[in-house]
Structure formats: C-alpha cells, structure tokens
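There are 2 protein chains.
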Amino acid sequence: MSKPSLLAIPLGGLGEFGMNMLVLRSGDDMILIDAGMMFPEVELLGVDIVIPDITYLKQNRQHLRAILLTHGHEDHIGALPYILRDLNAPIYGTRFTLALVHKRLEEHGLLDKTDLREVIPGRKLEVGPFEVEFISVTHSTIDCVALAIRTPVGIVIHTGDFKIDQTPIDGQPFDFHAFARYGHEGVLALFSDSTNVERPGYTPSERTVRPRIEELTRAATRKVIISCFASSIPRIQTIVNIAAATGRKVAFIGRSMVDNVEIAHGMNRLTIPDGLIVRSQDIGSFPPEKLVVLVAGSQAEPMSSLSRVAVDNHRLLTLDERDTVILSARIIPGNEKAIFRMLDHMFRKRALIYYDNDGGTIHVSGHASQEEQKLLLNLVRPRFFIPVHGEYRQLFRHAALAHTVGSVSEEILLIEDGQTIEFTEDAAYRREPVTAGRICVDSGSLEEIEEFVIRDRKHLSEDGVVVPIIAIDKHTGQIESTPEIVTRGFLPSDNGIELLAGAREVILRTFEGSNAEEKTDWSVIKEKIRVDLRRYLKKQTSKRPLILPVILEL
Amino acid sequence: MSKPSLLAIPLGGLGEFGMNMLVLRSGDDMILIDAGMMFPEVELLGVDIVIPDITYLKQNRQHLRAILLTHGHEDHIGALPYILRDLNAPIYGTRFTLALVHKRLEEHGLLDKTDLREVIPGRKLEVGPFEVEFISVTHSTIDCVALAIRTPVGIVIHTGDFKIDQTPIDGQPFDFHAFARYGHEGVLALFSDSTNVERPGYTPSERTVRPRIEELTRAATRKVIISCFASSIPRIQTIVNIAAATGRKVAFIGRSMVDNVEIAHGMNRLTIPDGLIVRSQDIGSFPPEKLVVLVAGSQAEPMSSLSRVAVDNHRLLTLDERDTVILSARIIPGNEKAIFRMLDHMFRKRALIYYDNDGGTIHVSGHASQEEQKLLLNLVRPRFFIPVHGEYRQLFRHAALAHTVGSVSEEILLIEDGQTIEFTEDAAYRREPVTAGRICVDSGSLEEIEEFVIRDRKHLSEDGVVVPIIAIDKHTGQIESTPEIVTRGFLPSDNGIELLAGAREVILRTFEGSNAEEKTDWSVIKEKIRVDLRRYLKKQTSKRPLILPVILEL
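First to last, the sequence lines map onto chains V and P.
Here the first sequence stands for residues 1 to 554, where the numbers follow the working numbering.
Here the second sequence stands for residues 1 to 554, where the numbers follow the working numbering.
Where hints are given, some of them may not hold.
Here chain P is said to cover these stretches of chain V; the calculated rule only asks that three of the stretch's residues, wherever they fall, bring their Cβ under 8 Å from a Cβ of chain P [to be verified]: (1) 20-31; (2) 68-75; (3) 263-277.
Calculated from the model, a selection of chain V residues having no Cβ within reach of chain P, i.e. all distances over 10 Å [as the list claims (entries may be wrong)]: (4) Ser136; (5) Thr208; (6) Thr217; (7) Asp358; (8) Thr361.
Hints are computed from structural coordinates only; laboratory data are not their basis.
Note that beta-carbon positions come from the ideal geometry of N, C-alpha and C, so glycine has one too.
Based on the provided sequences and hints, a complete structural model is requested.
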C-alpha cells in the first residue's frame, strides 16, 4: 500500500480578494473549506457576482465528504447556492453561519436537498480520514471558527478570517489555548488569513468604536443614520447599546440588515431591549432627535438602501438637513468613487457626515494586522506555511512576514488558485495544477431573487448580447432622442422591431421614473435600466441576454 | 453709469477632482484662470479625457482678454489644445508652465495661432481693467503661482494648487509676504485649493522623501526603478541627487518623463551632474547594481511604461528578480485596482516593491492640509471665501474649516460649476447659473498624437458605435471562437462583411501579439484592442466610431 499523503488544492482566494475555497484530499476522501463569492471587477460588465471554477470538484464529486464553513461572510459562503447544483455533501458550520446559509438556500429553493449540520466550537468531528476541531476565533461577525484538521499525514490548521480581539463584544473569545495545544503537539501546515498584512501593529478591538459613535450620537440634534455591514452583529450590538444609552430608539432599513438582525436576535446573539425598536414604516412620523437608523449599503452598491436614501429615493427614510450620517465600515478598494459620489449627495443635503477615523474611531477591521499574524505563527509554529485570502502581493508579504518571524520550521509555500501541494509525513511537493478560475454569475437584482444564470460560452451564444446606449444631456438631465439598442445573437427574426420598440419604452420609463439626483448618477441609472430591461426581455422572449448599458454624456 | 461689479463663474473643478477653470468678468472684460482636463470615470467608456463645457466662453469670446495659468499640471492646462480651437487670447504663465504648454500645442499644431507670454512671479500685469500679480507658491511641480487680481470692486486672490513647503527643493519659496501684504490691504474674495481638506495637520515638505528613498537605494543590490509623476521636477531632482550620492547612474523611461526632464534640464531647473545619465537603449547592458531608472506611469495607466515593464512588454527595460521598485506617487482614488494589479505582476517577478509610507516616507502630497489652509485663510482674511478644486464634500469641508477659523469677515460661498457669483464693492449675490458640464474627448492613444474628436450628439450619430465582444477562456488564456462585433449607425451597406472580417482579424492579431501577462489584464487588452481597431476603422472608412470593447471571461 502506498504511503498516505494529503493534497491541498486552493480553488479561490489565493490571488484575489474574495471567493475563498480550499480543497483538502487524502486518497479518495475530500473536504471543502468554505465556498465564497466575490464582486466582479469593473471590467466584467453585466455580471453580478463571481465564484470559483469548480471543475475539479465536479470531476471528483463522488469523493466529497463535507463542506466546512469558517463563518458566514459572502466571501466564504456566497458560492454555495451555485455550487450545490453540482455537488452534494453535508455542510458543517456554527449556528449563526448555518442560519445565514439556511436563508440563502431557502431563497434558491435548495433547502430540501441540503444537509446542514451544526457544529460547536471545541467539539470534534470525524469526516472520512479527517478529524476536525472547530476553534473559536474573533472577527467582525459572530460564530467564527478556525479549523484544526487531523489528517493521515499530520495536523493542518486553517484560520478562516480572524483578528485577535482581547475584548470581543459578544464574549466569545479567541481560543488561544487551542492554537497553543496544537502548536505544542506539532502542526504540519498552517493556512492563514493575509488580508491585513499591509497593516503594522495590532487591529484595535471592536470595543474601540463605541466612544466616538456614542459621542456623535449624543451630540446629534436630529436622526442618526449609521451604515455598517449587515453581518457585523457586534457592531450592530454596540449601536443598539448606544441608542439605549442615549435615550434613542432604533430602526433597521435594508433587507440584509433586517434579515441578519432577525436571525441574530432570534438566537439570542443580539440583545435588543424591549420597546427599543421602531418599525421602519414609522420612521417618518417618529421624532428625529429620538432615533438611530441602521441602514444597509455602506459600499454604495447601486440600488442599496443607503444609496437610495442619498438620492432621496427611499420609501421609508429621508435624509434631512442636520441629520447625522456615520459610515461605520471600511471603504473597500474599488468602491471609493461610488461611495464618495453617495457622500456628495448627502453633503448637498447638509447632513453631518462622518466616514473616516480622523476625529475618533468609527470603524475597525475584522482582520489580523501584522503583530497578530506573527503571534499566530508563533503559537502554531507549523512545519509548512501557506498564506491564504489575499491578492498576490498580500500573500507575498505574508510569506515575507513569516520569514522574519522564523517560526516555520520547513517551508513557506507561496501558491495561487489551482496550484496544488502534496504533503507527505516528510515533505511537501508542488504538483500539477488543477483547473481553477472565475465564473461569472448574473444573479438577479439586489431587490429580487430570481433564477440565476451562469455566464458561459453556451449562454452567450444562446441568449446573446443587448447593449442599450443612452445619451444623456448633462445640461438638461434629459435623454437625447430615442435610446439606441444594439443586439447580437438575440433578436428573434419575426418580432424584432416591436420588441426593440418596447425595450426603448422600458428604458425611457425607467429613466423618467428616476429622480433628478439618480439621473446624474450613471451607476444607478445603468443598474436600474439593466434590471428593468432584463425583466422585460425575460418576459417577452424567455431569454436572458447579457445586458450592457452604455451611457453617453452629451 | 452703472456701478462696477465682478462676476466669478466656475466652469470646472468645483464639484469634481480635475478640469479646473474659472472665469472672472467685469463689464465686457473677461479673464480665464486655468484650463484643465480630467480623466473620465469608469462609467464613461471609450473616452480618454474630459474637459469643461466652454459654451459660455464661446458665447462671449470677443470679451476674453487673457488666459492665466497657475501651473503646468494637466488638470490646469490639459484642456488648452481643445478650447483654443474656439478661443483666442494671449496665454500668461511662468516659464516652466509655458514650456509644457508649448510642447502640447506644438503636438496639436496650434503654436502658430497662440500667443504665449511669460510672466515672472512678483511682477504685475495689466489686462483690461484687471491688474494681476503672480505670487510664488510651493506645490509638487515647479514655477507654481497663485494670482492676486486687482479688479474694479476689490482684490481677488486665487491660490491655484499649493502646499506650504518651508524648505522647497528648488529654493523657490512660498511667498508669505505677498499674501500678508494683500491681507493687510484688504481682500474681497479668496478662491483656495480644497484638495487635501480631509487631512489634518501639515503636509510634510518635499524634502522628507529623501532619507527613505536613499536608504532603499543604498540597500538595493540590483536596479532601482522609481516611478513618480513626470511633472514632479523636485522629486526627480531628489532622485537624481540620490543616484549621484549612491554611486549610481540614472536613466529615464516614458515619453512624459523624458520630455519633462529635458524641458526642466534645458532651463536649468533640474541639475544633473555630467556623465550621470545612461541612455535608455543602454539600460539592458548596464550593470544593474549601478542604475536608477525613473519611469513614467505611476498610476498604472494602460500602456504606460511602468505597466508594460510590469508585464514584461517594454522594449528597453525589464524587471528582474531582486530589482527594487519604488512607487513614489499617490495612489489616486479610482486607480487602486489597476495599480495593485500592476504591483501583483511585479511581486510575481520577485522584485522588492515599496508603495506606501509605512516603512518611511517615499511620497508626500503637493497640496495643503488643514493647518496650511487655515494659515492661508488667516493671512488673507478675505471678506468672501469660495472653496475651489474638489468634489462637493471637499468644498463643503473646506467651507466648514473656514467657518471654524473665523477669518472670513462676510460670507463663505459654497458653489459648484456654472453657479455664478456677482461681487460689488459692498456685497456678493448669487446669479443665474451659466451652462457648465463635462465634454468627453477621444484624444488618440497615449502613444500617438492624432487628430482628436469631441464626442457629441452629432459625432455619435455620424460615426456610430462599435462593440467588439471578446470571450477569453481564463484557463487557457485564449480567445474562444471568433470575436463578436456589434455595431450601430456605423456599417457601410456595401462592404460591411469584409470590413467586419478585417476587424476580427485586427482583434485576433492584437490579442496574439500580446504576452501572457497582458492577456490576463483586461484593462490592457481592452485598450490595445481599442487603439488598434480605431486605427483600422479610421483607415478603412475614415470614420471614428465610439469603440467599447467588452471582455467576457469564460
């Protein structure tokens, strides 16, 4: 019989920010760690989300024993609804993580065929030849775990996303002892989060945002509107506590915000005093000086709640003069332009806007800075170290950081998606890469859950491409002449003229139905046109062409 | 006779970052301060640069007495080649500023019809009813001035771009005394640079970059490649001095870098010891441990020298293992993704890359931080204050900053492009806005100077739209099937099929002629296809349709 070995096969997250996914395989048994998505780069027009190419998993589906989730962020669970069409294995995760997965699978009608199994940090689990312990770690959401996996050739530790928060809001501590214990026993390989490797020092505790946000809330003479990531339950808890402490009530706006608050509240992971909540439909009639509103959309995603509030197009919430707005979130690279455009709209309304830590901390990261990464390396002192979760330069710098720490006894392996490492008890070898890459998904609008479509060659040639070209006169804010619509591989031969005339109507109606501020915001207009046109074309033709709106400013 | 008054009409730069342009008008006499361009937002596909709408200037062209330039950056002079078709007035600027303008107008064949008049800081100039003094200020390039303009209703001061550098590299100081003198006499209105209003404290002196860059150069065992803005003559001087001090020679790569170095050197504003320069064609054969290479393209513009070096596609310069790369420039918001993609390519080559100030200062801003902005307000203590050069939130915050300083005796006026203020000796009034907006220009590629085209309704309907759709298989890096080409309002009826076949050939040839790294960089591929296709279509049809390449990743 051949000696045991372990293959580590990264399918996503090594070379890009997002879509984290790693396969571990020993013989004919395979486990998958996380199944994340990411948002597309600007160049990928007409695409909503991006997921890893799972060709390798599909080819080996009979060997997949389990999907292990480290936490409930989209870049770790967001690909599940798409890959579960092709894969079937029980999904293991902590309670809050599984609740988020449950919600998502329910929306996609995938609950029946999926086996969700709750795990408790500290307990162990047998999966084929692997024994897995879920280790409690701190991060920006709750119920986050690292994984310690006993394999036939040694122990593998995967940190998931983590920071080392000595004073977490929810009281679930970073489990130093578990890492120390495995480090003492001897760890074959460590896979660790590289996201914040460019930040020296320590990431401040989640607790450090409270003083400044409370100060701004106390100083506010009208509504306080705060936006943070909807999964940041500790942040939401802090804001709820501040509202209670300052004699304000709290309302929640945005589907993801409302959903996550309900889930966390339902499992007693978010404490909201009785009578503190104001229903969103009552915001308009509630005294503004007594209100804190938590709103989703901190990244100015087109059509998100906060974006719509900024351009005066939200049904339930208006932004008024002297309201306070606190953006308690990171400005993710690539989103700067959109976020600052949104903030400009808010400044024009004479709101008081806070969006950086200059006057005091209103946001802290959920990822480990350099000193925490070093501490983890020293606790675990693995034989092999593989930086994960990052663009190439971040993986590289994490490798360099580990080199300066000196606690990796054999080798630091810098690999990217698809590049495979084989571990034996004695060594690690680079093996033939497997298929890896990015798959673009058109998932329906943010507002509605529709059947999704994987964009592939087949799809493109079947459903074609539609390019609506809208010329907007910047002076008048009006559409000049009729919109042009260019199509390829899409038009039915018989009713083409009528269909296009109808599509032009849709575009004009969408545009006219937008308010003045939306009309000057191309990203909003393009997204609205894309959503409405898609619905129209789907209905008329049952096809879902790729829609690429182009706005010409005249 | 009616009382004298002064109109201030911003045509650009108030509400966006770039394309600075301000009109001052008294009766029938008008002067223009700066004529800048800006780079388009991502949404403006197929467009190279953006300039202000000068409808107002064209309507009043007989009244234009002078164009006054504060300095030679593109956001202050870049629109000149385009607006001089419609306007004619002498252009006043300092020596280095005019040298840059001269170069640009020469390329556009506009030198003959333009009257460039050099000014010397401290001297005064009569233009119609205006007396203008050019005041020396410090910034990131050289020969920068503010303007003090004596008008029929009082003194107006426009800062241009500035920081307050107490120890400028070139010895041309910030002229505190001039500002103090006008402040003492009494200033009607101050227009001041808002760019860095979000930064507390003082911007460090240009001198502060020397220690770290010198340290990195001394520590380098091979080539040192440094990229900065090509107009940053003080930065280039510092790097030349470091090369000389560390026993290295220096080479220059990139058209803008070579041009600006030649211009500054020719006017003795850049001192390069004899024998220090290595010709760019000799870089390959020169001992790498004895070389510093200054390269244009710090913003990872597609096809720029640095971008091409990163993907191993530069004729003269390669990036090798253990070379040092120093990005001595700001990462301009919106460019992060492209810059980090470029840096990732460099990390893969195992170069040593420095791109932030974490380990020591390698870049400082050229714009005033809050304390400098306050100092200027206190020196000038104007009756009216108008923040300029910034997005809305920056103008707003500059207005708020001025409010806290309290040195504006009458009113702080927050206005955007087109919004007009009328000053009398006694007061300021908001008047009817004039036409203002953005005009998109397709200026030819970065590599070649072609006839430019203003994109307007007429152009769109005349030359049409071409959307090449290229499906690239991420696994193989190859184009899948034949590229699709969608057109509108463009195809001649007779030879359409042939023309499109030829265009597909062009696309395939461009793609095949690119190297492996370029093929994975969509922004590069799109730009190359756009440039080559434009050339082909122009030649075949004499038309210049809008070309919008779309890349689908499979």
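Status of each hint after checking the structure:
| no. | hint | verdict |
| --- | --- | --- |
| 1 | 20-31 | violated (count 0) |
| 2 | 68-75 | violated (count 0) |
| 3 | 263-277 | violated (count 0) |
| 4 | Ser136 | 31 Å, holds |
| 5 | Thr208 | 19 Å, holds |
| 6 | Thr217 | 20 Å, holds |
| 7 | Asp358 | 6 Å, violated |
| 8 | Thr361 | 15 Å, holds |
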